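Peer 1: The lines below spell out each chain.
Protein chains: 2
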Amino acid sequence: MYARMGAVTLLILSLGNQPAKPQTRNSFDGFKLVNRTGNIQKPADYRDLYQTLGTYFVLDPKGGNQMHLTYASPGAADYYRRNKKFADGTVLVKEVFGTDHAQMTTGDAHWAKDTKVWFVLIKDSKGRYPNSSLWGDDWGWALFKSDSPDKQVATDYKKDCLSCHIPAKADDWIYVKGYPVLSSK
Amino acid sequence: MYARMGAVTLLILSLGNQPAKPQTRNSFDGFKLVNRTGNIQKPADYRDLYQTLGTYFVLDPKGGNQMHLTYASPGAADYYRRNKKFADGTVLVKEVFGTDHAQMTTGDAHWAKDTKVWFVLIKDSKGRYPNSSLWGDDWGWALFKSDSPDKQVATDYKKDCLSCHIPAKADDWIYVKGYPVLSSK
Chain A
1 MYARMGAVTL
11 LILSLGNQPA
21 KPQTRNSFDG
31 FKLVNRTGNI
41 QKPADYRDLY
51 QTLGTYFVLD
61 PKGGNQMHLT
71 YASPGAADYY
81 RRNKKFADGT
91 VLVKEVFGTD
101 HAQMTTGDAH
111 WAKDTKVWFV
121 LIKDSKGRYP
131 NSSLWGDDWG
141 WALFKSDSPD
151 KQVATDYKKD
161 CLSCHIPAKA
171 DDWIYVKGYP
181 VLSSK
Chain B
186 MYARMGAVTL
196 LILSLGNQPA
206 KPQTRNSFDG
216 FKLVNRTGNI
226 QKPADYRDLY
236 QTLGTYFVLD
246 PKGGNQMHLT
256 YASPGAADYY
266 RRNKKFADGT
276 VLVKEVFGTD
286 HAQMTTGDAH
296 WAKDTKVWFV
306 LIKDSKGRYP
316 NSSLWGDDWG
326 WALFKSDSPD
336 KQVATDYKKD
346 CLSCHIPAKA
356 DDWIYVKGYP
366 VLSSK
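Protein chains in written order, with the working numbering: chain A, 1 to 185; chain B, 186 to 370.
Calculated from the structure, these hints are not laboratory results. Since the model is a prediction, treat every value here as computed from it, not as a measurement. From the three backbone atoms N, C-alpha and C, an ideal C-beta is built for every residue, glycine too. Possibly wrong hints are sitting among the right ones.
[Claimed, not checked] Simulated crosslink set (EDC-like; lysine to aspartate or glutamate; CA at most 16 angstroms straight-line):
1) Lys270/B <-> Asp356/B
2) Lys362/B <-> Asp150/A
3) Lys185/A <-> Asp356/B
4) Lys370/B <-> Asp108/A
5) Lys177/A <-> Asp335/B
6) Lys116/A <-> Asp137/A
7) Lys370/B <-> Asp100/A
8) Lys185/A <-> Asp233/B
9) Lys185/A <-> Asp230/B
10) Lys247/B <-> Asp100/A
11) Lys185/A <-> Asp335/B
[To be verified] To spell it out: a stretch of chain A is covered by chain B in this simulated footprint if at least three of its residues, at any positions, have a beta carbon under 8 angstroms from a beta carbon of chain B; those stretches are:
12) 154-167
13) 173-181
[Unchecked claim] Chain A is nowhere near these chain B residues, computed Cβ spacing over 10 angstroms in every case:
14) Val219
15) Asp230
16) Asp233
17) Gln236
18) Lys247
19) Tyr256
20) Arg267
21) Lys270
22) Phe282
23) Asp335
24) Val338
25) Lys344
26) Asp357
27) Lys362
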């Protein structure tokens with residue numbers, strides 16, 4: 001009995017000393033964020049737990065400049081590099097920030113300030129929610145705004161989401177060309 | 186004997202089912218990347234294994250626009266939020282990309298293309314390498330260029346690195362204001 005406990009303790013200790021290998025653990029469990037009717041919840045702690053795919057910086061003199069940071073659930077990039085597609089259950093979070101800027105040694109540097117909105121996508125290659133207007137084109141779609149960050153406010157993905165993704169239709173609606181980690185780790 | 190193996194197997198299986206919690210494992214082992222004389226090696230697979238702190242987009246009509254993505258070793262942001270400083274042994278990688286851009290629905294969107302250079306920093310609050318010109322001001326400093334990505338080419342951090350960091354001196358030389366995850370997860 002004591003010998004067995006010793007072996008188990010040793011195992012726990014040895015596992016605890018392994019270097020952190022977060023994104024190689026593939027847990028494509030995005031559907032945990034979805035309720036019965038197909039409404040999507042924003043994942044908690046994505047800034048800490050998800051992997052960043054990349055950034056788009058958008059110069060828009062009319063509406064103000066924006067920085068878009070896209071995060072993916074652990075394992076997403078590794079799977080994509082090997083299979084050239086997103087795994088069923090992958091979660092993507094695009095956080096849209098307003099920006100500030102200043103003249104620095106390297107030029108006019110822009111950085112993210114306050115969050116404006118979040119877009120959340122969940123890869124669904126099986127058409128799980130045929131009756132929901134928030135699911136279609138192989139993804140579940142969601143929108144959250146900073147004045148009520150936990151309230152999903154999209155009502156119809158075709159009106160609220162899809163139009164901005166049309167230029168990326170050939171890449172499964174995702175702007176993969178700005179995400180270097182999808183082609184090389 | 187078989188009973189013990191069974192217990193161990195069960196333990197392995199149960200650990201394997203835990204959700205991925207990468208950055209909460211604090212392994213500030215940056216000094217594994219340093220040789221006896223203080224020369225720093227670029228960490229492998231940082232795009233997959235590290236956490237992204239944030240992005241600076243630099244408009245520079247003379248030298249070409251740049252996108253700077255900064256990655257931190259696992260646990261760095263969590264430690265910083267709780268202690269208002271970087272843990273000894275924290276590794277930061279700043280990857281500097283050239284960019285491309287196109288007119289999109291939201292404006293003139295810029296994204297990262299090919300990597301130009303990498304800056305690597307290791308937090309050293311104990312002055313471990315007093316005789317190295319690559320260590321000082323509480324950090325180890327390193328530079329890698331894309332034509333030879335594994336060769337550290339900085340020779341004197343005061344000449345090669347520090348001047349661009351002077352505006353961030355009060356924040357331990359790091360441009361923390363562009364890294365939202367350091368204040369909120």
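Peer 1: Taking the hints in turn, state whether each one holds.
Peer 2: We went through each hint and held it up to the structure:
1. Lys270/B <-> Asp356/B: holds, 9 angstroms
2. Lys362/B <-> Asp150/A: It is violated: about 25 angstroms lies between the C-alpha atoms, which goes past 16 angstroms.
3. Lys185/A <-> Asp356/B: violated, 30 angstroms
4. Lys370/B <-> Asp108/A: With Cα atoms ~27 angstroms apart, Lys370/B and Asp108/A exceed 16 angstroms; violated.
5. Lys177/A <-> Asp335/B: violated, 25 angstroms
6. Lys116/A <-> Asp137/A: This hinted pair is violated, its Cα atoms lying about 26 angstroms apart.
7. Lys370/B <-> Asp100/A: violated, 20 angstroms
8. Lys185/A <-> Asp233/B: holds, 6 angstroms
9. Lys185/A <-> Asp230/B: With a Cα-Cα distance of about 6 angstroms, the restraint between Lys185/A and Asp230/B holds, given a limit of 16 angstroms.
10. Lys247/B <-> Asp100/A: This hinted pair is violated, its Cα atoms lying about 21 angstroms apart.
11. Lys185/A <-> Asp335/B: holds, 14 angstroms
12. 154-167: As far as the region 154-167 of chain A goes, the hint holds, because 3 residues have Cβ atoms under 8 angstroms from chain B.
13. 173-181: Three-residue rule met by the region 173-181 of chain A, so holds; n is 5.
14. Val219: For Val219/B, whose nearest Cβ neighbour in chain A is about 16 angstroms away, the distance exceeds 10 angstroms, so it holds.
15. Asp230: Check fails; 5 angstroms does not lie beyond 10 angstroms.
16. Asp233: violated, 5 angstroms
17. Gln236: Its Cβ does come within 10 angstroms of chain A, the nearest being 7 angstroms, so this is violated.
18. Lys247: violated, 8 angstroms
19. Tyr256: Label violated. Min Cβ-Cβ 8 angstroms, cutoff 10 angstroms.
20. Arg267: Its Cβ never comes within 10 angstroms of chain A, the nearest being 12 angstroms, so this holds.
21. Lys270: holds, 18 angstroms
22. Phe282: The claim is violated: Phe282/B sits with its nearest Cβ about 7 angstroms from chain A, within 10 angstroms.
23. Asp335: holds, 15 angstroms
24. Val338: Holds, because the least Cβ-Cβ distance between Val338/B and chain A comes to about 18 angstroms, which exceeds 10 angstroms.
25. Lys344: holds, 14 angstroms
26. Asp357: holds, 17 angstroms
27. Lys362: violated, 7 angstroms
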